[in-house]
Amino acid sequence: MNFMNKFLLVITIAGMFLVGMSSCEKSELRATEYDLPTSQAFVRFAFLSPGLPAVMIKVNNNKINGTNTSGTVGLFPVNSNIAEYAAVAPNGALRLSLANTGTSNDSVVLFTGNLTVDAGKFYTTILADSGSTRRLFSVPDDFDKLSDSGFTRLRFINATGKSPGLSLVRIDSSSATVVSRDTLFRNIAFAAATNFITVPTNPTNAFLRYRLVQTSNGAIVGAPFTPLVGNASNRRATTVISGGIWQTTFTPGISFQIVNQ
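For any residue, its number in the numbering used here is found by taking its place in the sequence shown, counting from 1, and adding 3.
Read the hints as simulated data drawn from the structure, not as lab findings.
Treat the hints with care, since some could be wrong.
Calculated lysine-lysine pairs in the DSS-like style (CA-CA distance at most 25 Å, straight line) [unchecked claim]:
#1 Lys61 / Lys124
#2 Lys124 / Lys66
#3 Lys148 / Lys124
Restraint ranges, calculated between C-beta atoms of paired labels, are given here [said to hold, decoys possible]:
#4 Ile200 / Ala102: 24 to 32 Å
#5 Ser219 / Ala122: 17 to 25 Å
#6 Thr229 / Asn198: 20 to 28 Å
#7 Thr119 / Asn220: 17 to 25 Å
#8 Ala179 / Lys66: 39 to 47 Å
#9 Gly69 / Leu149: 26 to 34 Å
#10 Gly153 / Ala226: 21 to 29 Å
#11 Ser219 / Ser183: 20 to 28 Å
#12 Pro56 / Asn94: 20 to 28 Å
#13 Ser219 / Gly153: 43 to 51 Å
#14 Gly153 / Thr104: 33 to 41 Å
#15 Asn65 / Asn220: 29 to 37 Å
#16 Asn94 / Asn208: 28 to 36 Å
Keep in mind it's a predicted model, so treat the numbers as computed, not measured.
Backbone N, C-alpha and C fix where the C-beta goes; we use that ideal spot for every residue, glycine too.
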């Protein structure tokens, strides 16, 4: 190898070293800490009130959603796949309304209620049922300790209006004869929520699905669904929420799966 080749080789190695140093520095700079306001509560709204149109969400007369949010099956913040929350005043006055065209002023107020949320804590706030029996309730998003790799934390909220007790069943199967069934949550009443429990992320067999059933007779409620869990997406805690209204055309079943962490 002559002197020129050696010189070029040294430059190439040095360049590769500098690129590696630059990549390391960029990775380190991605870690950032944020301080959340201690005077605010953090809420994710889930609206499951059939017949309620898309609405403005106001807390203490401050509009918090950009575009209107569906009252029948709507989330705010809208992304169910990551843990997103709106910062709101603790125990604030909630108002859902239609706006005057081109303004944020109320034209028709469709629902009012009081949030029962404390500063510095995280909640899922649900509006369920319809008409005069609409129900507003908030559930603390307290998943306790997070699970180890291969497991996830799971919770169920029954927001199916006028429903009897409902149970959530985990089905792990590879065929019609090779089936494992586990009742994860049993006999959960309307407007009630379970604690988070730890469940395996992946199935033992080829197919994993969850099924909602009526506790008293085992009748299937709505369609089976694939759980929103998985190591690849780093979903460490999720909430399953049922909706609809019992024995009406607003078919009961699972309406949302929401990532909490």
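Evaluated hints:
no.	hint	result
1	Lys61 / Lys124	holds (19 Å)
2	Lys124 / Lys66	holds (21 Å)
3	Lys148 / Lys124	holds (16 Å)
4	Ile200 / Ala102: 24 to 32 Å	violated (41 Å)
5	Ser219 / Ala122: 17 to 25 Å	violated (41 Å)
6	Thr229 / Asn198: 20 to 28 Å	holds (23 Å)
7	Thr119 / Asn220: 17 to 25 Å	violated (34 Å)
8	Ala179 / Lys66: 39 to 47 Å	violated (52 Å)
9	Gly69 / Leu149: 26 to 34 Å	holds (31 Å)
10	Gly153 / Ala226: 21 to 29 Å	holds (27 Å)
11	Ser219 / Ser183: 20 to 28 Å	holds (23 Å)
12	Pro56 / Asn94: 20 to 28 Å	holds (27 Å)
13	Ser219 / Gly153: 43 to 51 Å	violated (34 Å)
14	Gly153 / Thr104: 33 to 41 Å	violated (53 Å)
15	Asn65 / Asn220: 29 to 37 Å	violated (46 Å)
16	Asn94 / Asn208: 28 to 36 Å	violated (47 Å)
Taken one by one, the earlier hints fail for this structure at numbers 4, 5, 7, 8, 13, 14, 15 and 16, listed in ascending order.
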